[in-house]
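Q: As a plain string of letters, each chain reads:
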Amino acid sequence: MQLKRKASTSIGASLAAATAGLLGQSPGRAIAQELAPWEYDTAILLYSESDNRVRDVSLNLDARKEVREEAFLNLKLAIDTLTGASPSGAAPANTVQTFTTPSGGSTFDIAAGEQVLDPSFLDTRTALAANYDFPLGRFTRFDLGLSLSDEYDYSHSGVNMKLDRDFDNRNTTFTFGLALANDSIDPVGGAPIGLAPMTATGGNKQGDQSKDVTDILLGVTQVLNRHSLVQFNVSLSESDGYQTDPYKILSVVDPVTGNPVIAPPLNGLPYLYRYENRPDTRDKQSIYGLYKRDIGGNVFDVSYRYMTDDWDVDSHTIDLHYRWNLESGSYLQPHLRFYSQTAAGFYHSVLFNGTPLPDFASADYRLSEFDGLTLGIKFGRETRRGEMSGRLEIYQQTGSASPGSQVGSLQSFDLNPGLEAIIAQFSYKFGG
Amino acid sequence: MASPCEVHLGGIGRREAEGILEIVHAEAMRIETKFSRYREGNVVDCINRSDGYHITVDDETARLLDYASSLWTLSEGRFDITSGVLRRAWTFDGSDNLPDSDKVERLLGRVGWQRVDWQRPTLCMQPGMEIDFGGIGKEYAVDRAAELVRGEVESCLINFGGDLLALGPPPAVEHGSTGWTVGIESLAGGTAVKRISLTEGALATSGDARRFVLRGGHRYGHILDARTGWPVDNAPRSVTVLASTCTQAGMLSTLAMLMGAEAESFLEAQGARYWCLR
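Sequence lines, in order, name chains A and B. Residues 0 to 431 (numbering that gives the first Met the number 0) make up the first sequence, in order. Residues 0 to 277 (numbering that gives the first Met the number 0) make up the second sequence, in order.
Everything labelled a hint here was simulated from the structure, so no lab data went into it. Certain hints may be false.
[Claimed, not checked] So, partial list: chain A residues that the calculated Cβ filter (under 10 Å) puts toward chain B:
#1 Thr18
#2 Gln32
#3 Pro36
#4 Ala62
#5 Glu65
#6 Pro278
[As the list claims (entries may be wrong)] Derived coverage of chain B by chain A (criterion: at least 3 residues anywhere in the stretch with Cβ under 8 Å from a Cβ of chain A; other residues may be distant):
#7 63 to 69
#8 139 to 151
#9 199 to 206
#10 236 to 247
#11 265 to 275
Ideal Cβ placement from N, Cα and C applies to all residues, glycine included.
From just these sequences and the hints, can you work out the full model?
A: In structure tokens form, the structure reads like this:
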């Protein structure tokens, strides 16, 4: 009992005074926090396109643990639920148009003058990734990973590795990355035969498909001074196999009137549409540069990416962030992004009747010439156990139809109307 | 310091870093040379050989003696810089060798700050008594070295054998943490059971993870209560304390060990941030 009473006596103040006397200084601050065995980063993200087009609700969970000194295990789980309607590639017309659903089980009508959206779009995607990031000696880090994802008609499996090597007192870091993936595509109703006519019963289709993707990255990060750094990357990507979107079609129109062409009677549909067809390889090269600078405790970064591929798509991306640190561990981060790309060589808003069929053709707006602008703001706040943040962004895309496609009645329609989307995200990082 | 010492620096060039390392190294060596009980001819050696004569000490030694005196009072005699002679009875090597209680009793006759006549700047100690600053010196050296380089560098961690102090956070915020990541070693050694992100201030650890006597299933840790000459019962295996100075952190962890089963409630009462392993 005596000991207990004594034990609870506070001698801290007397001890602090004695220590200050010894060291001849008044006590400063002590700031430390216990790191939890696991660090979690969770997020819910909503991506919503205007006019009831694609809506993606995405749940993300990242977990990270230091399993031995300086070696980290990262696990990621992402679940995406996609709903809404997506443009099928067919052009609007002055008349009611009838299309077949991907399964071939039914047809649906699109009113005259309306953009052609495929309404039966619903999918859930689950993705898992695991990475182990560990040191190899004092100046090298190695990261090995596996990735898997699965959705109704698509599955992915991949392996990746990354090597970082520091030089020059860690002011220079060279990075080499390699990723190999195998994707298999098992489209609803089968993969269509390229450029074959769409039929009312979902004919002209065959079995599942696959592709292999190899990505290689070479990069260097250079610390310029205590306030800034630059990074340069060169990446190569080679995709071999099925690249076509099995749900995308093209309208076949009269080259003078622009009106849809009547389908052969056996098709079962009033007008003629053809499934798109893309080359079975795609090679991309890109260069990337980043400049990051500390400005009085706030952080500014700007990056530029140039990508070119053998489909004739060239793109430029400029991305800017400014992290403005407010008092008490909060920050505001505006974000601005410009994106611009040229159209793929085989992008056609429509196919003309009577003209020999090209080898490849797609009316997918993602392969068109378009510009995208993203404007966003993020607000983050430290919490006792981590950080929470909210992000709101708007995205606007404006596209162009393929040259010479707006003939006759098509002149009154926008063959590449672009889109607007809103992105809202809430994240919570914490240890546990 | 009889243990690995390291300094982590960031945000400065090689030449500046080497200058700071030199300052820290020189200060560590100075304190080691001046206060180690294993070195002949230094002030501790002179005091221990004084054979009952009065010794007048310099200001720094006087401040350390004042501090030791305060600790003796605050700990109600549990902490005592004259208790080093008890090591002649105890060998903490993981064996089951307990000392003969008569021997401990005899040695206790040469222990006790109350027997020392300390009138700053003069000390007079009975023949056969010894002092040592082993329980204070390492943490004191960390604080002294830090004081010499404070203001010279924004990112600095000084680590003398696990007692450490941070002057500002590391240069690059890595892996989502804002401070220097410090691991508390598990009782078995090797792996970190807790990880602490230290931005500013000091962490010091007292423990007996590998120094103990095991007899009849009872574990006798190497922390001796100067009043009894015997190890403190039910002391934690390791206590790590956060404080603004390494000396303060070290003394809180040492005093907590001396409180035995009451270590945690003692630290709670001091309002200290601490991590105990039992």
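Q: Checking C-beta pairs, does the stretch 199 to 206 of chain B have three or more residues closer than 8 Å to chain A?
A: holds (count 4)
Q: Would the hint on Gln32/A stand, with a C-beta cut-off of 10 Å toward chain B?
A: 5 Å, holds
Q: Per the coverage rule (Cβ-Cβ under 8 Å, at least three residues), is the stretch 236 to 247 of chain B covered by chain A?
A: Holds, because 6 residues of the stretch 236 to 247 of chain B bring their Cβ atoms closer than 8 Å to Cβ atoms of chain A.
Q: Take the shortest C-beta to C-beta distance between Pro278/A and chain B; is it under 10 Å?
A: Because about 42 Å separates Pro278/A from the closest Cβ in chain B, which is outside the 10 Å limit, the hint is violated.
Q: Glu65/A was flagged as interface toward chain B. Is the shortest Cβ-Cβ separation under 10 Å?
A: 7 Å, holds
Q: Report holds or violated for chain A covering the stretch 139 to 151 of chain B, Cβ cut-off 8 Å, minimum 3 residues.
A: holds (count 4)
Q: Is the shortest C-beta separation between Pro36/A and chain B less than 10 Å?
A: 8 Å, holds
Q: Quick check: do three or more residues in the stretch 265 to 275 of chain B have a beta carbon closer than 8 Å to a beta carbon of chain A?
A: holds (count 8)
Q: Report holds or violated for the interface hint on Thr18/A, using the least CB-CB distance to chain B and a cut-off of 10 Å.
A: 5 Å, holds
Q: At a Cβ distance under 8 Å, does chain A reach at least three residues of the stretch 63 to 69 of chain B?
A: n = 4 at 8 Å, threshold three: holds.
Q: Go through the hint on Ala62/A and say holds or violated, using the shortest Cβ distance to chain B against 10 Å.
A: 12 Å, violated
Violated hints, in rising order: 4 and 6; the structure is consistent with all others.
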